[in-house]
Amino acid sequence: MACSTIIGVMVMALSVFHSATLADGEWCVASENATDGPLQEALDWVCSPKDGDTNCHAIQETGPCYLPNTVRDHASYAFNSYWQLHRGEDGSCNFNGLANETSTDPSHGNCHFS
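Just so you know, the sequence shown maps onto residues -25 to -1, 1 to 89 in mature numbering (1 follows the signal peptide of the UniProt record, and there is no 0).
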């Protein structure tokens, strides 16, 4: 009984901590003004093992972030993944003007932006 109470309190504490972390978070997403052609080129670069070297498995057909299947949504996921790895570098959320930082969490359903 005491063990389950302790576990319950720990789960609640972690939930509060997780919510507070997300509320203060920042993400990098595709700009609303960016068009599909340049976004696709940047997406290809970010997901290329020899260039951006970002893990883009989540936006593959069987991944949790495949839907909605749009260049903008896939680019947002990939840009954010890259940016989270390179946040300290100037311009890492720019992609030649195709991306911008946001305080609004773009996660949806089972697709979680870190």
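No lab work stands behind these hints: they were computed from the structure. Each hint should be verified, as a subset may be incorrect.
Label-pair restraints from in silico Cβ distances [said to hold, decoys possible]:
id	residue 1	residue 2	range
1	71	37	12 to 20 Å
2	36	66	29 to 37 Å
3	65	36	13 to 21 Å
4	80	60	28 to 36 Å
5	65	28	12 to 20 Å
6	61	32	29 to 37 Å
Heads up, simulated SDA-like pairs for lysine to any residue below, C-alpha to C-alpha not over 25 Å straight-line [claimed, not checked]:
id	residue 1	residue 2
7	25	47
8	25	83
9	25	80
The beta carbon of each residue, even a glycine, is placed where N, CA and C say it ideally should be.
Against the structure, the hints:
no., hint, in the structure
1, 71 x 37: 12 to 20 Å, "30 Å, violated"
2, 36 x 66: 29 to 37 Å, "31 Å, holds"
3, 65 x 36: 13 to 21 Å, "34 Å, violated"
4, 80 x 60: 28 to 36 Å, "18 Å, violated"
5, 65 x 28: 12 to 20 Å, "19 Å, holds"
6, 61 x 32: 29 to 37 Å, "19 Å, violated"
7, 25 x 47, "22 Å, holds"
8, 25 x 83, "29 Å, violated"
9, 25 x 80, "29 Å, violated"
Hint compliance for this structure: hints 1, 3, 4, 6, 8 and 9 are broken, all remaining hints hold.
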